[in-house]
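There are 2 protein chains.
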Amino acid sequence: MTKPLLSALKGETTDHVPIWLMRQAGRYLPEYMKVRARSKDFLNFCYSPDLAVEVTLQPVQRFGLDGAIIFSDILVIPDAMGQKVAFEPGRGPVLEALRDPRDVDNLDRESLRAHLAPVYEAITEVSKNLADTVTLIGFAGAPWTIASYMIEGGSSRDFAQLKSWAYGAPESFNALVDILVDAVADHLCAQIEAGVEAVQIFDSWAGVLPEDAFETWCLGPIKRIIGRVKALHPGIPIIVFPNRAGFFYERMARDSGADAVSIDAMVPLNTARDILQKLVTVQGNLDPIMLVEGGTPMIEAARRILDALAPGPFVFNLGHGIVPQTPPAHVAALVDEVHRWRK
Amino acid sequence: MTKPLLSALKGETTDHVPIWLMRQAGRYLPEYMKVRARSKDFLNFCYSPDLAVEVTLQPVQRFGLDGAIIFSDILVIPDAMGQKVAFEPGRGPVLEALRDPRDVDNLDRESLRAHLAPVYEAITEVSKNLADTVTLIGFAGAPWTIASYMIEGGSSRDFAQLKSWAYGAPESFNALVDILVDAVADHLCAQIEAGVEAVQIFDSWAGVLPEDAFETWCLGPIKRIIGRVKALHPGIPIIVFPNRAGFFYERMARDSGADAVSIDAMVPLNTARDILQKLVTVQGNLDPIMLVEGGTPMIEAARRILDALAPGPFVFNLGHGIVPQTPPAHVAALVDEVHRWRK
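These protein sequences, in sequence, are chains A and B.
Numbered per the working numbering, the first sequence spans residues 60 to 402.
Numbered per the working numbering, the second sequence spans residues 60 to 402.
If you are wondering where the hints come from, they were derived from the structure by calculation, not from laboratory data.
Computed from a predicted model, the values in this text were never measured in an experiment.
Check each hint, because a few of them may be wrong.
Which copy is meant is left open, so a pair is good if it fits within one copy or across any two.
What the hints assert, rightly or not - Quick list of in silico lysine to any residue cross-link-like pairs, SDA-like style, CA-CA up to 25 angstroms:
#1 Lys99 <-> Thr330
#2 Lys337 <-> Phe306
#3 Lys143 <-> Thr355
#4 Lys337 <-> Glu309
#5 Lys289 <-> Asp395
#6 Lys93 <-> Gly380
#7 Lys289 <-> Ile133
#8 Lys69 <-> Gly85
Take the sequences, apply the hints, and build the full model.
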């Protein structure tokens, strides 16, 4: 039995265009909300293998998606290193922000695999319960994006704390990045060893850095992580999502060592086809708000993407995560459209 | 007496590289905070010609900048059309959001020049008080960005309301855009008639739209506005700032009719030099957080920009507005560095 998503990530042509959706297990699904209600605290929810398994499988079962992504969060890494992380309803993540190099020195670098054992347990359990055509995906945040939360203490408008630290004290900032390169590489390897068949690195804030800084703090660390994972697990495809990286997508595709690059909705389809698809499998890039809207505008937008990219190595996805107000029926219609495209 | 900024916007070479800074009149200046304290309400502050004149002149006098930008706000346009606009401390603008086509029909399209008379009065007063080497700049928001505030009711993370309306009901959304094209063109013309010597169109949220939608709702309306302003005032340079437009900067430079394009900090300098500067004057693009940091990192970053762009038609600026925590001494050091570059 072949796995269309896994094949597409390896650059092979498949019978149908594979599709999965970022944040496909989430608040837009009533069955997710039911399971979510069983655990008050979001991180405890992530660390409950039974619940994580259940919500990971829900969208795959409902929609017939080609990929399952393990339900977890990019902030499990700072949490595993002893930084206080909380999720407040309506406010997003809140962390006790790192203030100086001593806070970096105090991070616990030894407990990652022990602390994240429930994630790996959930992966093993999901892999036993997946249809044999579905690919199981693991993931982690990229060092720049994780560092942004660790230093800003949450979301940010201008990333002033983060950038001031990076620009003004690059030595201690690089020390943090080195720690995160180790942690992310190790977390991805552990997920692979537990059963995921591909991994995605999310650099959600890759789009806020000037050229030199992008090379130093987005591309460089991701390249090192990919090198380490590939050294141990050469057959596992790696997807990178440098969200809103604009002009820098090409370098990521060319130089990071990734097998696939996930593109946001603002990447022109000609650029994706003529430049990126010559280098890697391309994944993307429907605007998530099109999925909220549904109907003819959504189908037409999906067809434009398919016309441009499905002739090459391609995985259909959104340009960013599903938003909570998305009607599930629109997801079903989209999956149907994508799956019919090569028939 | 020549005006270096005005000359550079017209593509001429000048004795020194001109510099002004987005949001140069603002909270980082203690003298601004003193004047700001005299008016509780932010829009009333904008509509008080005496106060607006004073804060417009402050940074020019303190730093010897080559441009003065009239102190105002992009949301004076919805305010002039009768939409309720308030500025809440720490929360940014809050508007009574437009909900449906009837709300669009109800906008007041007749009162713009009367309502904004204090802005034009302030411009005339500033122009009498400027050194004859300093260029006075007017501005407005672009239709897409103004519409985002009018429909979202403030800032937004994912622009779901805005995009849902645009994608799902393009006819009524286009009716709003048409109204805004009229209003923005008229507001820019009125500012020119009051005494500004150049204008800038701010499309702060130009970077959140896929290709087709960018053409329809960012590039198209800006092109129409520029056509109208140029028809009446052909000699006035027009700068466009399509913030974070990435791949779409080139089209804006090529097709909008603008004399200059202001670029964010993420535009690679080679792209700015080899592609954009062949088409228009380029303005930009130091990361505002570099200006917070100051010192050697700031000076080195400024020199990289100058080395790449100052040989061509160029105006030094930031990639985005000054942030409140910026030390004024860093601004002085930057202006000094830029002004010495061609000597």
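So, going through the hints one by one against the coordinates:
Taking the closest pair of Cα atoms, Lys99 and Thr330 never come within 25 angstroms of each other, the shortest separation being 44 angstroms inside a single copy and 49 angstroms across copies. Taking the shortest Cα distances, Lys337 and Phe306 sit within 25 angstroms of each other both inside one copy (16 angstroms) and across copies (18 angstroms). Proximity of Lys143 and Thr355 under a CA criterion of 25 angstroms is satisfied in neither setting, with 45 angstroms inside one chain copy and 34 angstroms between copies. Proximity of Lys337 and Glu309 under a CA criterion of 25 angstroms is satisfied in both settings, with 10 angstroms inside one chain copy and 22 angstroms between copies.
Proximity of Lys289 to Asp395 under the C-alpha cut-off of 25 angstroms is found in neither arrangement, the shortest distances being 34 angstroms within a copy and 49 angstroms between copies. In this homomeric assembly, Lys93 and Gly380 come within 25 angstroms of each other (Cα to Cα) only inside a single copy, at 20 angstroms, whereas the closest approach across copies is 44 angstroms. Taking identical chains as interchangeable, the C-alpha atoms of Lys289 and Ile133 lie at most 25 angstroms apart only when both belong to the same chain, with a minimum of 21 angstroms there against 50 angstroms between chains. With identical chains, the CA atoms of Lys69 and Gly85 are never at most 25 angstroms apart, being 28 angstroms at best within one copy and 52 angstroms at best between copies.
Hints 1, 3, 5, 8, counting from the list given before, are not met by this structure.
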